[in-house]
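**Student:** The chain contents come next:
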Amino acid sequence: MRQENLFDRILLYILIPSVFILLYLIFIWSPVEKIMGETQKIFYIHVGTAWVAFLAFFVVGFYSVWTLIKPNMNRYIYAGISAEIGVVFTTITLLSGMTWGRASWNTWWSWEPRLVTTLILLFIYVAYLFIRKMDGSWEKIAKLSSVFGIIGCLNVPIVFMAIRWWNSKLHPVVFGEGKNQSGGGIEPEMLATLLFSVFTITILYVFLMRKGAEIEKMRHIVKKSKNKLINKLAS
Amino acid sequence: MKTILLDALTIAGKDLKGELRSKQTIGMMLVFSALVIIIFSFAFDPTSNTVKAIIPGLVWVITIFAGILGLNRSFVSELENHCLTGLRTAPIDPSSIYLGKVLANFSLVTSVQLISIPVLFLLFGYRFTGSYLWFCCIVICGTIGFIIVGTFLAALAANAKNSEMLLPVLLLPLISPLLIAGVQATRIVLESLEITDAISWLKLMIAYDFLFLAVCFLLFEYIMEES
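These protein sequence lines map, in sequence, to chains A and B.
In terms of full-length UniProt numbering, the first sequence opens at residue 1 and continues consecutively.
In terms of full-length UniProt numbering, the second sequence opens at residue 1 and continues consecutively.
Bound-form chain A, shown alone (with noise of 0.2 Å):
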């Protein structure tokens, strides 16, 4: 328990500092891109919400996998705790990208692999918490959400295929591929002020599931003692 509190504390330390870093990085030191302007600075957090949201997401399918062979509550609740937060970074991404959206393409919406891929991704992960909201013991529920989770983890890959094949125009590509394999290009500045914005969020989401899980392992420390209470003044 005490080992566990000191790793939290580390993180916790290095996650506050970095914060501000990365708000000094990304509103001060990177430079103001040419065409887009100001606009361009949602970049940074909409592409590190957006890892985050799909890591949170292969953790959901790794956790499932691992609680479908060998249940335990820890990786149950691991496995929630990740899709909690995957719907709040999923629906960051969202909404930062339909502000650059609107700022960039001048339209809030267009139906582009990405896009449309992170928001059924959106809605597998409000699926499989709905799962979780099931009645029942916890074993049968573990083992119901996390078939749901493997299910739900395969298809995302498929998903993107599918839309990608169906029409692809307009998101840029930043890295790699493009038409003559370097895509956009990026200043070592920005380049810079992104990783470090990865490495801020990445840092944000291990923190917040050490601290999601503890509290859900509290919440079944309280539930459980709350029916030893009862049983015993029915008794």
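I should point out that these hints are in silico values taken from the structure, not numbers from a laboratory.
Hints should not be assumed to be uniformly reliable.
To be verified - Among the chain A residues that face chain B by a calculated CB cut under 8 Å, a handful are:
(1) Phe123
(2) Ala127
(3) Leu144
(4) Phe148
(5) Ile150
(6) Ile151
(7) Gly152
(8) Asn155
(9) Val159
(10) Trp166
Every residue, glycine too, gets a C-beta built ideally from N, C-alpha and C.
Keeping the supplied structure of chain A fixed, place chain B upon it in accordance with the hints.
**Tutor:** This is chain B only, laid out in the frame that chain A set:
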């Protein structure tokens, strides 16, 4: 493997026999799909030229909406008189229950499609010029994928009290790639465009069908284990 298939056929036969006697679910599905067509005729003027553009989507919308009705019933009806517990305790592989249900649901939905799709073309005054063979191929591949995932999730949702509400929420995001592929392929065939494009969509659907059949087949016993 052979026993699994035989048991699956027995279960599918049982379901279909019950359905043939009561004709409740299939009747509801037919009426519902007819109503969906009528509602869509209010939403889009059926006399205008826009109809051509929405027909491929409509084919899938009626399949999925009517299909969800049938899927909802397939496991919830087993809860009466604890039939599901009976199935679970029967000396058969849980996967055969799944396969049997898939077969039963598939025949149910295809028989609804056999009536509702011609009715759709009839009511919207659509002249079919594409190739029948490819059209049937695409519809069948799409429906199989829909039923594979749908049956699995129906079994999952049957554990919840509000399973009728839960099933569409679980199912629709998961079948979205299938839906995209289905609608695009159907459009290509109906508009008699280049068939090779439709084939690549068809391949996507077939890959989806096989992948999810395998995964659902393996995972089904975890759903059946718990009561």
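**Student:** So, for every hint listed, does it hold in this structure?
**Tutor:** Evaluated hints:
no.	hint	result
1	Phe123	4 Å, holds
2	Ala127	5 Å, holds
3	Leu144	6 Å, holds
4	Phe148	6 Å, holds
5	Ile150	7 Å, holds
6	Ile151	6 Å, holds
7	Gly152	7 Å, holds
8	Asn155	5 Å, holds
9	Val159	5 Å, holds
10	Trp166	5 Å, holds
Of the numbered hints given earlier, the model fails none.
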